[in-house]
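Novice: Chain by chain, the residues:
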Amino acid sequence: GQQVMQIPQYQHVQEGEDFTTYCNSSTTLSNIQWYKQRPGGHPVFLIQLVKSGEVKKQKRLTFQFGEAKKNSSLHITATQTTDVGTYFCAGPRRGSTLGRLYFGRGTQLTVWP
Amino acid sequence: NAGVTQTPKFQVLKTGQSMTLQCAQDMNHEYMSWYRQDPGMGLRLIHYSVGAGITDQGEVPNGYNVSRSTTEDFPLRLLSAAPSQTSVYFCASSYADRGLLNTEAFFGQGTRLTVV
Chain V
1 GQQVMQIPQY
11 QHVQEGEDFT
21 TYCNSSTTLS
31 NIQWYKQRPG
41 GHPVFLIQLV
51 KSGEVKKQKR
61 LTFQFGEAKK
71 NSSLHITATQ
81 TTDVGTYFCA
91 GPRRGSTLGR
101 LYFGRGTQLT
111 VWP
Chain S
1 NAGVTQTPKF
11 QVLKTGQSMT
21 LQCAQDMNHE
31 YMSWYRQDPG
41 MGLRLIHYSV
51 GAGITDQGEV
61 PNGYNVSRST
71 TEDFPLRLLS
81 AAPSQTSVYF
91 CASSYADRGL
101 LNTEAFFGQG
111 TRLTVV
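Quick mapping for you: the protein sequence lines, in order, are chains V and S.
The numbers in the working numbering rise by one with no breaks, and the one at position 70 of the first sequence is 70.
The numbers in the working numbering rise by one with no breaks, and the one at position 1 of the second sequence is 1.
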């Protein structure tokens, strides 16, 4: 089954509102990655977090990795219509085979103009 | 730069037919994976490879075979297509950076497969 749980599954916001998606793992993750998939497109890498408690920012996007390295979040400030898509977290389980990523089910973001 | 190339982009199969989805990467990446994406299910790992000649099963391997004879190519074979295999299939590649377990995965454009 899924090793990485992601909530919510869907989120509808009005343009300008904030958005957050959460990722939780049942086991410790050595690192976590975030991807964005536009409708009809393929997943595109956004960022990787490695250190416990790490926080990284990309313009309006803020990514956090939990202290226990079992959870992570992506926060978008003041959403725009260009933010529409599905956001996935992915991580290898600690000690798992290299190159083997477990993806969350994703959060589908809709932004109303 | 081609990156990860998947062919075909669309395919319709009849139940029981077999076919091969092609995946090629030109980045000399060690790791290659196949995922299927179904509505509400995210990306589920079918098979993966850590190098030429080495493959292993993912979460949902039944009904699929893979081989990795070269670093560049990682074809996915459907042995006897079933309607439950209707899905979007993505191939991805990545490399291992010293000090990190994984680096970013590069995805192909996907193959939309319908089995009738």
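Simulated from the structure, these hints should not be mistaken for laboratory data.
Take the hints with a grain of salt, since some may be wrong.
Computed list of lysine to aspartate or glutamate pairs in EDC-like fashion (alpha-carbon distance at most 20 Å, straight line) [stated by the list, open to error]:
#, chain 1, residue 1, chain 2, residue 2
1, V, 59, V, 17
2, V, 56, V, 67
3, V, 51, S, 97
4, V, 59, V, 15
5, V, 51, S, 104
6, V, 56, S, 72
7, V, 36, S, 73
Among chain S residues calculated to face chain V with C-beta under 10 Å, some are [what the hints assert, rightly or not]:
#, residue
8, 44
9, 62
10, 72
11, 73
Only a predicted model underlies this, so the values are computations on that prediction, with no experimental measurement involved.
Just so it is clear, CB atoms sit at the ideal spot from N, CA and C, and this is done for glycine as well.
Novice: Hints first: check each against the structure and report whether it holds.
Specialist: Hint check results:
no. : hint         : result
1   : V/59 x V/17  : holds (15 Å)
2   : V/56 x V/67  : holds (14 Å)
3   : V/51 x S/97  : holds (16 Å)
4   : V/59 x V/15  : holds (16 Å)
5   : V/51 x S/104 : holds (16 Å)
6   : V/56 x S/72  : violated (33 Å)
7   : V/36 x S/73  : violated (25 Å)
8   : 44           : holds (8 Å)
9   : 62           : violated (15 Å)
10  : 72           : violated (16 Å)
11  : 73           : violated (16 Å)
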